[in-house]
Amino acid sequence: MAGVLPDMSEPVPHDPLAPDAIGERGAARARVRPKRRVPWLALASALVLLMVVGWGLMPRLFTSADPLLGQPLQALQAPSGAHWFGTDQLGRDLFARTIYGASTSLRATGLAVLVALLGGAPTGLLAGYFGGRFDAVVMRAVDVLMAIPSLLLAMAIVTVLGFGTIEIAVAVGLSAIASFARLTRGETLRWRGADFVDAAVVSGVGDLGVIVRHIVPHAAGPVLALAALEFGSAVLSVSSLSFLGFGAPPPQPEWGLLIAEGRNYLALAWWYTTLPGLVVLLVVLSANQLARFAQDSGAHR
Amino acid sequence: MKRSALDAPVTWWRRARRHHAVRRLAQSILVLWAAFTVSFAILYVLPSDPVSIMLNQGEQGMADPAQLAALRAEYHLDKPLVVQYAIALWHALHLDFGRSIQSGQSVTALLEQALPATAALAATALALGLLLGVTLAVASGFARSTWLRGALLAGPSLGVSLPTFWIGLLLLQGLSFHVHLFPAMGNDGWRALVLPALTLAIPTSAAIAQVLSRSMADVRAQPFVEAIRAKGVGRARLLLLHVLPNAAVPLLTMAGIITGNLLAGSVVTETVFSRDGIGRLAEGAVSVKDIPVVQGVVLLAAAIFVVVNLVVDLLYPLLDPRIAHGRRAT
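Chains as they are written, first to last, in the working numbering: chain C, 1 to 301; chain X, 1 to 330.
One should not assume that every hint holds.
These stretches of chain C come out as covered by chain X in the derived footprint (C-beta under 8 Å, 3 or more residues) [as the list claims (entries may be wrong)]:
(1) 78 to 85
(2) 133 to 144
(3) 184 to 192
(4) 230 to 242
(5) 250 to 263
(6) 285 to 292
No lab work stands behind these hints: they were computed from the structure.
Note that beta-carbon positions come from the ideal geometry of N, C-alpha and C, so glycine has one too.
Pulled out of the complex, with its shape left as it was, chain C reads as follows (with noise of 0.2 Å):
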């Protein structure tokens, strides 16, 4: 992601309607980096979801413990050698559910950035490719959209959607369109603009040339940057969703589940809800970090 961005005769500022880790509107930013460092934390970001991502894809690998099967002569164990994350009411491990909960969450939440950045991202790049008319009303569109809180309007898809894990992923997805299509827009607009672009435009490169070999690949860097970003504010929307019950069923282990389950025994075990809270918190600190990164790496070429 980060050498998406090659260097460029002249500096590009810093884009002030990128978006940062809580809006877009932030002020530009006008730090100064002049070393290159090893950076520390975006390695540690990626390990974390990496090693997430494994246990989303091989949880047998990470515990020997089965996730559904209750044992209740051990339950509400604290925390233990034997039982990293202690036990729930049931007796179940919670580190094994926590595992094994990835692969709902984890795939939930990247079916939701799919939807977004799909969703979104053409249609930016066509609006501000072709401006006119149809720019016009995706922009008002995307007005629109931006003035309902996101987790509302996901609420509201999922009241026609119905419940359940790809139904909030859906509506989590679709309620993010709106943010991917107005910076892809922008990226759009500021490389059509661009001394080359006219170049090609010139020497007859067609609409479609243009936009896949010089619009695609200088708006991917800072469009990808915001899919880390969403993932990450995915994972909170589609965890607050099924932890307020519109998710998956019960028996099943989902991270946001798995915490609305350890509400009712917030005074007899702490670790039921602090702890795979704490992963979901890593987990989305760790993309918040990846997404500065890579904004950070593109926009200081």
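With the hints as your guide, set chain X onto chain C.
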């Protein structure tokens, strides 16, 4: 926008349109109308049959046909889509968003009942969040050592990554169950407000601190800061009286987003702390698929966002004279 057949309104409109405020007001109304249309499209057009979605909740057996037909007639779902839309829009213009399927109460009344509690929660959270966020940003501006600076700035990026419900549960666990400082649930009194407000304030303050510290860094790079320093103004005075006010202006553009996030955060927070309010209303409505209530909440959120942005936009030129009227879109 100029579609009127008559000439007089058109010229009037053309004249009025030159005014920034009028243009922004018209834009806001347009956004509200569009928000209504979007919510109508999502909730009433997408599903093949909204009534059966609404009724299939709870009881297993299908509702009897007469009841279905009555409900369809009440929501005009037996009419063509365009007519449905026109009727719904007409009612919405009169602040009538239909009746809740679950309780039968009017949606407007439900929203009115729920709003004060959420407003109190959001306002407290905002005040706390501002206090915390500004303190953090200013403190990181004061910090001379990069080490301390980094530590102070790590707080916000941690804060925006925290799941709201998790903060709420941790606070409950710590301050309500282990140390019995605050009640775990309910709406009564300021003590019940503390934990939910804190829950909402933490991510809010993180967002504020992130934006503010960045914009403070920008302002400090400007030449006027150098000039003021050359005059011998001290660090504290410089930061608090010169840098902070200038840096706070960009923060104002975030007001709409922050309000929206507070409202969205109230869904989770009010659910965690079993507080009444808009968020809980939304959560309950979604879980029983009470479509009119869901639409009401969505529209309320959009309206609040639009109004906050409008106010900010009109205030903006007053606070920052460098910004010409109408130069800043949205």
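Each hint, compared with the structure:
no.: 1; hint: 78 to 85; result: violated (count 0)
no.: 2; hint: 133 to 144; result: holds (count 4)
no.: 3; hint: 184 to 192; result: violated (count 0)
no.: 4; hint: 230 to 242; result: holds (count 4)
no.: 5; hint: 250 to 263; result: holds (count 5)
no.: 6; hint: 285 to 292; result: holds (count 4)
The structure shown violates the earlier hints numbered 1, 3.
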